[in-house]
Amino acid sequence: MCLWCLCQWYGGCLFQVAFKVIVSSLGHISIGISRCLLGDEVRYDGRGKYSRICCEQLASYFQLVPICPEVEAGLPIPRPAVELIQAPYGVLIKGREECSLDVTHRLTTFCRHKTPSLTHLSGYVLTPRSPSCGVRSVTVKTTSGEIFKRGESGVFTQSLIQQFPFLPIIEEPELADKLTLLTFEIRVMMYYFIQCNHLSECIKAPATTVSDFVLQINALPTKQSQMRIANELLEGISFERLHKFKVELRDCVSSLAAM
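Number 117 in numbering that gives the first Met the number 0 belongs to position 118 of the sequence shown; there are no gaps in the numbering.
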């Protein structure tokens, strides 16, 4: 179990500070995560949304970087629920019950300034149906309250996709599927190797599966094309082969960390 989750159970400001110091030295690859998924009580209703998969499985491989866009944008805890509204001049972020509440400027300003600073992240796990963090699960309404469009992403997620179009992002419930979880972990590691120009280290590795895979993308001219082809190659690979691939990639990460 990750230390952040233990912090939520035992409480105490000193322990939280100690955790933040310790976690900075753990893991070689960082992924962003909606802060509520670590159990932090930062949601609009003052509750958390603890994710065992994130706090135990992902935290054992990656450094988790928690962000709550709404709280970091200055909204209180608890706070009125907000939703996306399609207006004639764009999408607004307005109160679900309090129609006069409009946090569009506050949240979009936060996204515009925060997102470019997240270049160190190699993946992101987000909260479903959130007007800020949802991934293709958010409903947009009209000004009269009718459904305008389904399957949209939250404003922070849209900002992430625009800034980092090949960043592996996923909604937390999807990780319950073992194959999806395994594929996401591999995509995160591949993104890290590509972004940090470490593909050559994978080729040098004795691991045949990784070496063969990387040879197919290393000669491509851009990082974008490398990540796109890597994602395509991962489709349709069996669970057993993906698991072996993950183990070999972790060995490559460990070798880099020891350099």
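Simulated from the structure, these hints should not be mistaken for lab results.
Just so you know, these numbers come straight off a predicted model, no measurement behind them.
For glycine and all other residues, C-beta sits at the position ideal for the given N, C-alpha and C.
It cannot be assumed that every hint is accurate.
Taking CB as the label site, the calculated pair distances span [to be verified]:
#1 235 with 141: 38 to 48 Å
#2 255 with 116: 48 to 58 Å
#3 177 with 115: 13 to 23 Å
With a straight-line Cα cutoff of 16 Å, these simulated EDC-like cross-link-like pairs (lysine to aspartate or glutamate) come out [as the list claims (entries may be wrong)]:
#4 140 with 151
#5 48 with 151
#6 148 with 97
#7 245 with 234
#8 140 with 55
#9 140 with 97
Evaluated hints:
no. : hint                     : verdict
1   : 235 with 141: 38 to 48 Å : holds (40 Å)
2   : 255 with 116: 48 to 58 Å : violated (23 Å)
3   : 177 with 115: 13 to 23 Å : violated (34 Å)
4   : 140 with 151             : holds (11 Å)
5   : 48 with 151              : violated (21 Å)
6   : 148 with 97              : violated (21 Å)
7   : 245 with 234             : holds (15 Å)
8   : 140 with 55              : violated (36 Å)
9   : 140 with 97              : holds (15 Å)
In the structure shown, a violation is registered for the earlier hints numbered 2, 3, 5, 6 and 8, in ascending order.
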